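Student: So the sequences go chain by chain: A and B. Residue numbers are given in numbering that gives the first Met the number 0: position 125 of the first sequence equals residue 124, and the series is strictly consecutive. Residue numbers are given in numbering that gives the first Met the number 0: position 202 of the second sequence equals residue 201, and the series is strictly consecutive.
Just so you know, not all the hints are guaranteed correct.
[Unchecked claim] Below 27 Å or equal to it, Euclidean Cα-Cα: the simulated BS3-like pairs (lysine-lysine) are:
id	chain 1	residue 1	chain 2	residue 2
1	A	Lys109	B	Lys268
2	B	Lys18	B	Lys1
3	A	Lys98	B	Lys300
4	B	Lys18	B	Lys260
5	B	Lys332	A	Lys87
6	A	Lys187	A	Lys332
7	B	Lys98	A	Lys87
8	B	Lys98	A	Lys310
9	A	Lys339	B	Lys87
10	B	Lys339	A	Lys310
11	B	Lys109	A	Lys332
12	B	Lys268	B	Lys332
13	B	Lys98	A	Lys109
14	B	Lys339	B	Lys260
15	B	Lys87	B	Lys1
16	A	Lys87	B	Lys264
17	A	Lys212	A	Lys109
18	A	Lys205	A	Lys189
19	A	Lys212	A	Lys233
Calculated directly from the structure, the hints in this document are not laboratory data. These numbers come from a predicted model, not from an experiment.
Chain residues, written in single-letter form:
Number of protein chains: 2
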Amino acid sequence: MKFEIMRDRLLDGLNDVTKAISSKTTIPILTGIKIDVTDNGVLLTGSDADITIQTFIPAEEDGNQIINIVETGSIVLQARMFNEIVRKLPTNDVEIEVKNELQTHIRSGKTEFHLIGSDASEYPLLPEISTENRFEIPADLLKSVIRETVFAVAASESRPVLTGVNWNIENDELICVATDSHRLARRKVKLENLPNGIESIVIPGKSLNELNKILGETSNPVEITMSNQQILFKTDHVLFFSRLLEGNYPDTSRLIPNEFKTNIKLDGKTFLQAIDRASLVAREDRNNVVRFETLEDDAVKISSNSPEIGKVEEQIPVESIEGEELVISFSAKYMMEALKAIHGQDVIIQFTGAMRPFILRSVHDDSILQLILPVRTY
Amino acid sequence: MKFEIMRDRLLDGLNDVTKAISSKTTIPILTGIKIDVTDNGVLLTGSDADITIQTFIPAEEDGNQIINIVETGSIVLQARMFNEIVRKLPTNDVEIEVKNELQTHIRSGKTEFHLIGSDASEYPLLPEISTENRFEIPADLLKSVIRETVFAVAASESRPVLTGVNWNIENDELICVATDSHRLARRKVKLENLPNGIESIVIPGKSLNELNKILGETSNPVEITMSNQQILFKTDHVLFFSRLLEGNYPDTSRLIPNEFKTNIKLDGKTFLQAIDRASLVAREDRNNVVRFETLEDDAVKISSNSPEIGKVEEQIPVESIEGEELVISFSAKYMMEALKAIHGQDVIIQFTGAMRPFILRSVHDDSILQLILPVRTY
Numbered sequence: 000m001k002f003e004i005m006r007d008r009l010l011d012g013l014n015d016v017t018k019a020i021s022s023k024t025t026i027p028i029l030t031g032i033k034i035d036v037t038d039n040g041v042l043l044t045g046s047d048a049d050i051t052i053q054t055f056i057p058a059e060e061d062g063n064q065i066i067n068i069v070e071t072g073s074i075v076l077q078a079r080m081f082n083e084i085v086r087k088l089p090t091n092d093v094e095i096e097v098k099n100e101l102q103t104h105i106r107s108g109k110t111e112f113h114l115i116g117s118d119a120s121e122y123p124l125l126p127e128i129s130t131e132n133r134f135e136i137p138a139d140l141l142k143s144v145i146r147e148t149v150f151a152v153a154a155s156e157s158r159p160v161l162t163g164v165n166w167n168i169e170n171d172e173l174i175c176v177a178t179d180s181h182r183l184a185r186r187k188v189k190l191e192n193l194p195n196g197i198e199s200i201v202i203p204g205k206s207l208n209e210l211n212k213i214l215g216e217t218s219n220p221v222e223i224t225m226s227n228q229q230i231l232f233k234t235d236h237v238l239f240f241s242r243l244l245e246g247n248y249p250d251t252s253r254l255i256p257n258e259f260k261t262n263i264k265l266d267g268k269t270f271l272q273a274i275d276r277a278s279l280v281a282r283e284d285r286n287n288v289v290r291f292e293t294l295e296d297d298a299v300k301i302s303s304n305s306p307e308i309g310k311v312e313e314q315i316p317v318e319s320i321e322g323e324e325l326v327i328s329f330s331a332k333y334m335m336e337a338l339k340a341i342h343g344q345d346v347i348i349q350f351t352g353a354m355r356p357f358i359l360r361s362v363h364d365d366s367i368l369q370l371i372l373p374v375r376t377y
Numbered sequence: 000m001k002f003e004i005m006r007d008r009l010l011d012g013l014n015d016v017t018k019a020i021s022s023k024t025t026i027p028i029l030t031g032i033k034i035d036v037t038d039n040g041v042l043l044t045g046s047d048a049d050i051t052i053q054t055f056i057p058a059e060e061d062g063n064q065i066i067n068i069v070e071t072g073s074i075v076l077q078a079r080m081f082n083e084i085v086r087k088l089p090t091n092d093v094e095i096e097v098k099n100e101l102q103t104h105i106r107s108g109k110t111e112f113h114l115i116g117s118d119a120s121e122y123p124l125l126p127e128i129s130t131e132n133r134f135e136i137p138a139d140l141l142k143s144v145i146r147e148t149v150f151a152v153a154a155s156e157s158r159p160v161l162t163g164v165n166w167n168i169e170n171d172e173l174i175c176v177a178t179d180s181h182r183l184a185r186r187k188v189k190l191e192n193l194p195n196g197i198e199s200i201v202i203p204g205k206s207l208n209e210l211n212k213i214l215g216e217t218s219n220p221v222e223i224t225m226s227n228q229q230i231l232f233k234t235d236h237v238l239f240f241s242r243l244l245e246g247n248y249p250d251t252s253r254l255i256p257n258e259f260k261t262n263i264k265l266d267g268k269t270f271l272q273a274i275d276r277a278s279l280v281a282r283e284d285r286n287n288v289v290r291f292e293t294l295e296d297d298a299v300k301i302s303s304n305s306p307e308i309g310k311v312e313e314q315i316p317v318e319s320i321e322g323e324e325l326v327i328s329f330s331a332k333y334m335m336e337a338l339k340a341i342h343g344q345d346v347i348i349q350f351t352g353a354m355r356p357f358i359l360r361s362v363h364d365d366s367i368l369q370l371i372l373p374v375r376t377y
C-alpha cells in the first residue's frame with residue numbers, strides 16, 4: 000500500500016471518522032482507523048461497534064488530482080496517534096507507505112514516522128443494509144429533528160429502549176418521539192417518498208448526537224436507509240451507520256392529553272430566562288422544582304425555595320390566560336429543555352390541572368410538541 | 000446595608016475576585032465573597048487563604064454615578080450562587096439590601112432573590128503590608144516575566160520552596176528564577192527605584208498564574224509592595240495579595256555553565272515544531288525523551304523511539320554549529336517549554352558535553368536564560 004495525499008484533505012476525513020472512535024472500547028482494533036486504498040481513492044473507517052463512520056476521499060475531484068495512488072492495500076493505524084501526526088506534519092504533502100505487511104511509513108518534508116499498524120482483515124465487517132427502505136431529508140431539517148427530540152431520551156439504562164428516539168413512519172409523515180417517562184418530545188415531519196417496509200425503529204440517542212455534530216447546516220439531502228438492525232445516513236462523502244435498539248417502544252400517543260382546563264400564551268424567551276433564574280435556587284435541591292402560579296391581569300408568578308440557600312420570586316407578563324386558575328410545580332430543567340426545543344417563538348402551554356401532564360407547543364406550528372409531568376409538592 | 004448598582008460593573012468586579020475563590024477550601028466562609036459598602040463605593044473581596052483579590056467599585060467615576068449608596072454595611076454571600084444570580088438578572092439595575100442582619104435581597108426588574116448571607120466579621124482579616132518596599136513595573140512586562148519563568152516551578156510538594164518563583168533584587172535588577180531541579184528558567188529585568196529592604200522572596204507559582212490571568216496586556220504600571228510574608232500587586236482597581244513561601248531558595252547561579260564545547264544557532268520556531276512532532280512518539284514512553292544529534296553541513300537530526308508505538312526521525316537545517324560534534328538526549332516537554340519562553344526568536348543553544356546541563360537563550364537578548372539537564376540514555 001502506498002499513496003500521496005494532501006494533508007488538509009486527509010485531516011478533514013480523519014476529523015469525521017474519529018468522532019466514532021471511543022477510547023473506552025473493549026475491542027482493541029477499534030482504537031484504530033482503517034485505511035483502504037483502492038484505485039478510486041482512500042476510504043477511512045472509524046467505529047465503536049455501535050456507530051461506524053466512513054468517509055471516502057476520491058483520487059480525483061473536479062478534474063484535480065487529490066491523491067496519487069501508487070499501490071492499493073489496507074492497514075489499521077492507532078487513531079489518536081495517526082491523527083496528531085498528520086496534524087503536525089511540516090508540509091501539505093504526505094506520503095503513506097506500508098511495507099513488510101504492517102510497517103507503516105508516514106513521510107512529509109524531511110520528517111518520517113514509522114508506526115506499526117494492525118491487520119485490516121481483523122477489523123469488523125460492516126453489516127450489509129439492503130437499499131430497499133430509503134428516503135431523503137435535507138441536512139438542516141434532520142439536525143432540527145434531532146435537536147428537538149434527542150434531549151428527552153432516558154439517561155439511565157434501566158429501560159434501554161427509552162435511551163433511543165423512536166422513529167415512526169405513518170403515511171407521509173415521519174414521527175419522532177423521545178421520552179424518559181417524566182417528559183416527552185415529539186416532532187412530526189411531512190416527507191415525500193417515505194418507505195413502507197419498516198414502520199418503527201429506535202435510534203440510540205448517542206448516535207443521533209454524534210450524527211448532529213457531523214451534519215452541516217445545509218439543505219443538501221441526507222439519504223437514509225433503514226433495516227431492522229441498522230440505519231445508514233449518507234451525505235456527500237460521509238457514511239454514518241448506527242445500530243438500532245431492540246425491544247418494543249411504548250405507545251406514547253395515549254399519554255398526550257387533548258382536553259385542557261388552562262391555556263396560557265407567552266413569550267418563550269422571556270419565560271425561559273425566568274425559569275433559568277428560578278433554577279439557580281431550585282437546582283440546589285435534588286429535584287430542581289419551580290412553582291408556577293397564574294395571577295390576575297395576564298401575569299404568572301414563578302418561584303422557588305431552597306431551605307439552605309434562600310428563595311426567588313418573579314412575575315412575568317403573559318399574552319393571555321384562558322380557563323381555570325392554576326398552581327403547579329415542575330422540573331426547571333425539563334421546562335428549559337422543552338422551551339429551547341420550541342425555539343423561543345410564541346408558545347402556548349396547555350394544562351389539565353396541577354396533577355396532570357401538560358403540553359407546550361408553538362402557537363404557529365403544530366409539528367413540535369413537548370409534554371412534561373408535573374411534580375407533586377406538599 | 001443597601002445600594003443600587005449597574006449589573007455590568009458588579010459583574011466585572013465579581014469576575015476578578017472569584018478568581019481567588021476555590022471550591023476546595025476547608026474554611027467555609029471563604030466560599031463566599033465579602034461585600035463592604037462604604038460612602039465611597041463597594042469593596043469586593045475573594046480569597047482562598049493563599050491568594051486574596053480585592054476590587055473597589057467607586058460610587059462615582061469621572062463625574063458619573065455608578066452606585067447609589069443608601070446604607071453602608073457588610074455581608075458575605077456564597078460566591079458561585081451570587082455570581083450566577085447577578086449574571087442572569089433581567090435588567091442592568093440591581094438593588095442589594097441586607098435586612099435583619101443576614102437576610103439579603105437582590106432585586107432587578109420584577110425578580111427578587113432572598114439569600115442568607117454570612118457574618119462579614121467572621122471573614123479573615125488581610126495582613127497589613129508596610130508600604131516601605133515598593134516598586135512599579137508595567138503590566139505587560141510583568142506578564143512576560145511570569146510566563147517566562149513560572150512554567151519551570153516544581154509540580155510536586157517534596158521541596159515546597161521549589162513550587163515558587165524566586166525574586167531577587169540585586170542593585171538595579173530584578174532576577175526571577177524557577178527550577179524543578181531538572182530544568183531552570185531565569186529572567187532578568189532592569190528596573191528603576193527598586194527597594195533595598197528585601198533581597199529575596201519566593202512567590203507561589205499558583206499565585207503568579209492567577210495574577211497573570213487578571214493583568215491586562217497594557218503598559219499601565221503595577222505597584223508591587225513586598226514584606227517578608229506577603230506580596231501585594233496593585234493595579235487601577237484590583238489589589239492582589241499572595242502569601243510568600245517560607246524557606247531558603249537554593250543558590251542556582253553556580254549551576255549555570257559558562258564554558259561551552261558546542262554552540263548551535265537555530266530558528267526557534269522550526270526547532271519547536273520538530274520537537275513537538277518527535278514528542279508524539281516520545282511521550283508514549285514515561286520519560287518523553289528525544290535524541291538530538293549534530294550532522295555535517297549545518298543540520299541536526301531529531302529522533303525518538305518507542306518500542307510499542309514506533310519511531311520518528313527528522314532533519315532540520317540550523318544556522319550554524321560551532322565546536323564539537325554532539326549526541327544528547329533530553330525531555331521534549333522541557334525543551335518545548337523553554338523554546339516557548341524564548342518566543343521563537345533566533346535561539347542559541349550551548350552545550351558542555353552529553354552529560355552536562357545546557358543553556359538556551361535568544362541570540363539578541365541575554366535577559367532570558369533557560370537551562371535543561373540532559374537525560375542519560377544507554
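Student: Can you give the numbers of the hints that this structure goes against, from lowest to highest?
Tutor: 4, 7, 10, 13, 17
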